[in-house]
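Engineer: Chain by chain, the residues:
2 protein chains.
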Amino acid sequence: MVEGSGTTGLAHMSDTETLDLEAIHALAGTALQAQGFSSAQAEAIARNVTAAERDGCLSHGLFRIPFYVAAASNEDCDPSAVPRLHTAKGAVVQVDAGHGFCPLALEVGLEALADTARTLGIALLAIRRVYNIASLWPEVEWLAERGLVGFACTTSVAYVAPAGGTKPVFGTNPMAFGFPRTDGPPYVFDQASSVSARGEIQLHLREGKPLPAGWAIDAAGQATTDPEAALAGAQLPFGGYKGASLAMMVELLAGPLIGELSSRESQAHDVNNTGAPFGGEFLLAIDPEHCAAPGQKADHGARAERLFADVLSQEGTRLPSARRFAARERHQSEGAAVSASLLETLRGYC
Amino acid sequence: MVEGSGTTGLAHMSDTETLDLEAIHALAGTALQAQGFSSAQAEAIARNVTAAERDGCLSHGLFRIPFYVAAASNEDCDPSAVPRLHTAKGAVVQVDAGHGFCPLALEVGLEALADTARTLGIALLAIRRVYNIASLWPEVEWLAERGLVGFACTTSVAYVAPAGGTKPVFGTNPMAFGFPRTDGPPYVFDQASSVSARGEIQLHLREGKPLPAGWAIDAAGQATTDPEAALAGAQLPFGGYKGASLAMMVELLAGPLIGELSSRESQAHDVNNTGAPFGGEFLLAIDPEHCAAPGQKADHGARAERLFADVLSQEGTRLPSARRFAARERHQSEGAAVSASLLETLRGYC
Chain V
0 MVEGSGTTGL AHMSDTETLD LEAIHALAGT ALQAQGFSSA QAEAIARNVT AAERDGCLSH
60 GLFRIPFYVA AASNEDCDPS AVPRLHTAKG AVVQVDAGHG FCPLALEVGL EALADTARTL
120 GIALLAIRRV YNIASLWPEV EWLAERGLVG FACTTSVAYV APAGGTKPVF GTNPMAFGFP
180 RTDGPPYVFD QASSVSARGE IQLHLREGKP LPAGWAIDAA GQATTDPEAA LAGAQLPFGG
240 YKGASLAMMV ELLAGPLIGE LSSRESQAHD VNNTGAPFGG EFLLAIDPEH CAAPGQKADH
300 GARAERLFAD VLSQEGTRLP SARRFAARER HQSEGAAVSA SLLETLRGYC
Chain F
0 MVEGSGTTGL AHMSDTETLD LEAIHALAGT ALQAQGFSSA QAEAIARNVT AAERDGCLSH
60 GLFRIPFYVA AASNEDCDPS AVPRLHTAKG AVVQVDAGHG FCPLALEVGL EALADTARTL
120 GIALLAIRRV YNIASLWPEV EWLAERGLVG FACTTSVAYV APAGGTKPVF GTNPMAFGFP
180 RTDGPPYVFD QASSVSARGE IQLHLREGKP LPAGWAIDAA GQATTDPEAA LAGAQLPFGG
240 YKGASLAMMV ELLAGPLIGE LSSRESQAHD VNNTGAPFGG EFLLAIDPEH CAAPGQKADH
300 GARAERLFAD VLSQEGTRLP SARRFAARER HQSEGAAVSA SLLETLRGYC
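These protein sequences, in sequence, are chains V and F. If you use numbering that gives the first Met the number 0, the first sequence closes out at 349, no skipped numbers anywhere. If you use numbering that gives the first Met the number 0, the second sequence closes out at 349, no skipped numbers anywhere.
Please note that the accuracy of each hint is not assured.
A pair holds if it fits inside one copy or across any two, identical chains being indistinguishable in the list.
Unchecked claim - Mimicking EDC-like on lysine to aspartate or glutamate, the simulated pairs with C-alpha atoms at most 20 angstroms apart in a straight line are:
| # | residue 1 | residue 2 |
| --- | --- | --- |
| 1 | Lys88 | Asp114 |
| 2 | Lys166 | Glu304 |
| 3 | Lys166 | Asp217 |
Everything labelled a hint here was simulated from the structure, so no lab data went into it. Owing to the predicted nature of the structure, the values given are computational and were not obtained by experimental measurement.
With the rest of the complex left out, here is chain V:
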């Protein structure tokens, strides 16, 4: 979701106002509480969107607040839900989000996931009954900053056709991965199983621009570069049948495996058509200290740095979250530019 979508398209659409990160956090939290969210749910979401603004991922920053408010209009959505943690004897940790939102469910589950991984070497966190409209990099980055390998994926709403097919089945089904680094921020990617994020197509529509070829098909199953036809048709998985296989893997892990909805079922559940996916998130954490050869010290850090150097020694390359980390440096000191019309909407909530 982040790469290619995060830092483009939104800021130049209107006049902007620069806010420091504390002001962004305060505005998000206040707006959500004024709209009936509990302070715990509102604060967790505010931390999440502020991190996105900090990193220049505008499509998951304050821009998301109206999506949260719309999702809360679903009859079964509980913007004051108290997530419940369930830890079994084994390596599987579960959080019942109680029809609330994912940021608070993660705050309730991530420590237990990390602790279990440190004890057993690997652990799985299943988050259930959750409205999830955030990006996935914050949770894998949180794990990687604590020395753990992180993996996360989630279903969304059926927008993407299977390989060879013409009708939407899969969500844009993002998958995120984090690996700790000995120096500096971790290796992190967070990418949709579709060629493009849904929001990128909506931005092309709003700006009256045709889509790049290969992003989508229309309702008749024909290739299209018309954003409106694409939204009425289906997005395509990235990389053809291989991306479709990954989209299916994500569906199976974050859906059936943990007793949760598929992207199609999530869409059917969204009777108000808010576009907010409801279902599950699947996470893994692995402790490299448990993965060293018996009797040897873990040397994953030094080995990984050799690999990153192999990539970065080539001109034209970069690691996935490089732009995000660069934006972070800048926005932490200078604040972030927020669209004036978005600010007007959010201030109207308060």
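Take the given structure of chain V and dock chain F to it, following the hints.
Structural biologist: Showing chain F alone in chain V's frame:
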């Protein structure tokens, strides 16, 4: 590795002879033992290549035997290695393959992986110091046939350029996934992180055919459809930067995380230039019974069937291993056609 490469290209290259699966197994085992492999190593490899012939995956069938023999010419390769299983208290199982081949190491490790997953919900198997020239679907299928979700990945030899770069860093780095089904064979895919398998480029070279666009770049970093220039240059990841992210994830999991070589290090280790990757394999097994909501029965099977039906109800779709399972039905009763020149080579080993 299987999709797109398995069932094409080899059989029509010369006259063939049809052998039943027992004869294929016997020939593989006898040839390898005559070339100095222990009976345990030879039999495990024979089972692996026979399963590939049974499923029509010719590039991982008897065709691989000369690769095993070539790999055994490496000074550190031990074709009689006895893999050693190491189980810790937690969820991480390890196998030291002792510079032998992967099929026997898997036979030593998979039961322990499955048992640990059944006890704790999830388990990780790290296979180390292994020559790995087999496909990955057999191990995830083995897990899925036993009701477990399986994931496997491995590094190979540096053939693939990173996103934005021009020089090989990643291997073709396959990733395989298996999910149990209530009826019939499991959902299984096994796919390279590169657009094409290495062997497909070699086949184009042998047949004097140009490559499809987008598969490779030449040594100067320019797009090429010339197989020879591609082999001297670099293959491309599938789906651009997203496939490159997956290739890096595979490198990190099967390399640094478990204290093993990267694909570049594996290539440097291969002083005889046999093309046989040496390093690690990373596997996961998840028991769905541990992933159901507390107090509820696991319903992953029924939920997954709804998802598969959503895909298969569309004309033009199929699930990833469908061709392989169809070939299996056929070859189990009718035997499999093997290239006469390949048979001549193998009989020459005996």
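Engineer: Each hint: holds or not?
Structural biologist: We went through each hint and held it up to the structure:
1. Lys88 x Asp114: Close inside one copy (13 angstroms) and across copies (15 angstroms); limit 20 angstroms.
2. Lys166 x Glu304: between (43 angstroms within a copy, 18 angstroms between copies)
3. Lys166 x Asp217: within (9 angstroms within a copy, 38 angstroms between copies)
In this structure, every one of the numbered hints holds.
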